Amino acid sequence: MAVSIIDYFILSAIIFTIGVAGIFINRRNLIAILLCIELILLSVNINFIASAMQRDQLEGQIFAIFILTVAAAEAAIGLAILVIYYRNKNTITVDSANQLKG
Numbered sequence: 051m052a053v054s055i056i057d058y059f060i061l062s063a064i065i066f067t068i069g070v071a072g073i074f075i076n077r078r079n080l081i082a083i084l085l086c087i088e089l090i091l092l093s094v095n096i097n098f099i100a101s102a103m104q105r106d107q108l109e110g111q112i113f114a115i116f117i118l119t120v121a122a123a124e125a126a127i128g129l130a131i132l133v134i135y136y137r138n139k140n141t142i143t144v145d146s147a148n149q150l151k152g
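In this note's numbering, each residue carries its 1-based index in the sequence shown increased by 50.
Just so you know, these hints were derived from the structure itself, not from any lab.
Here the structure is a predicted model, which means the values were calculated and not measured.
Treat the hints with care, as some may be off.
[To be verified] FRET-style restraints, in silico, Cβ to Cβ:
1) ILE112 / VAL144: 17 to 25 Å
2) TYR136 / ILE55: 38 to 46 Å
3) ILE127 / ILE55: 28 to 36 Å
4) LEU118 / THR141: 28 to 36 Å
5) ASN148 / ARG105: 22 to 30 Å
6) ILE127 / VAL70: 18 to 26 Å
By construction, the Cβ of each residue, glycine as well, lies at the ideal position given by its N, Cα and C atoms.
Please work from the sequences and hints to get the whole structure.
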């Protein structure tokens, strides 16, 4: 049984919905918000790769690699900021992070 492009789009939509819902439902934990952003980026990558596979072109896969690179950098920087913030404040709740405003 072959997997059609519609199946990839449905999977991507489900993952995207979980990511967006996770951000709106869990607004207190910064790690959960970072994970939900990663889910959203993963769903975009699935769309790009499925579309590239359907059209037999490489542009979608190149965009997916670029997005993976940006997501890795975003996760590394976000977690580094989070670790330093936790060392200073002993909490990672979003409500207490409003002191970071300039």
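Each hint tested on the structure:
1. ILE112 / VAL144: 17 to 25 Å: violated (34 Å)
2. TYR136 / ILE55: 38 to 46 Å: At roughly 42 Å between Cβ atoms, ILE55 and TYR136 fall inside 38 to 46 Å, so the hint holds.
3. ILE127 / ILE55: 28 to 36 Å: 34 Å Cβ-Cβ, so the 28 to 36 Å window holds.
4. LEU118 / THR141: 28 to 36 Å: The hint (28 to 36 Å, Cβ to Cβ) holds, given that LEU118 and THR141 are roughly 31 Å apart.
5. ASN148 / ARG105: 22 to 30 Å: violated (46 Å)
6. ILE127 / VAL70: 18 to 26 Å: The hint (18 to 26 Å, Cβ to Cβ) holds, given that ILE127 and VAL70 are roughly 22 Å apart.
Of the numbered hints listed earlier, those contradicted by the structure are 1, 5.
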